[in-house]
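Trainee: Sequence:
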Amino acid sequence: MFHPPKRFVFRRGAAADRDDALRILRLRLAEGAITPDEFERLRRAVDPLESDGNG
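Here the numbering used here = 1-based position in the sequence shown + 932.
In short, the hints are calculated from the structure, not lab data.
Mixed in with the good hints, there may be bad ones.
With beta-carbon atoms standing in for the labels, derived distance ranges [what the hints assert, rightly or not]:
no. : residue 1 : residue 2 : range
1   : Thr967    : Gly945    : 29 to 37 Å
2   : Leu981    : Ile956    : 13 to 21 Å
3   : Ala977    : Gly945    : 25 to 33 Å
From the three backbone atoms N, C-alpha and C, an ideal C-beta is built for every residue, glycine too.
Using the sequences and the hints, build the whole thing.
Mentor: Here it is, written out as structure tokens:
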């Protein structure tokens, strides 16, 4: 009898990945690992509501 490979039971959506990326950026900014200008530039790249991705 053939049993197809099991898939992950829990799958995260793109929105959850984006939220995680923004949380990491905020933490890096708070730690001083990135400047406020770098934070804004990266935030616009991560958040599709802020950019069309071509900037």
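Trainee: The structure should be examined with respect to each hint, and the outcome stated for every one.
Mentor: Status of the hints after comparison with the structure:
1. Thr967 / Gly945: 29 to 37 Å: holds (30 Å)
2. Leu981 / Ile956: 13 to 21 Å: Between Leu981 and Ile956, where Cβ atoms are some 18 Å apart, the hint holds.
3. Ala977 / Gly945: 25 to 33 Å: At roughly 19 Å between Cβ atoms, Gly945 and Ala977 fall outside 25 to 33 Å, so the hint is violated.
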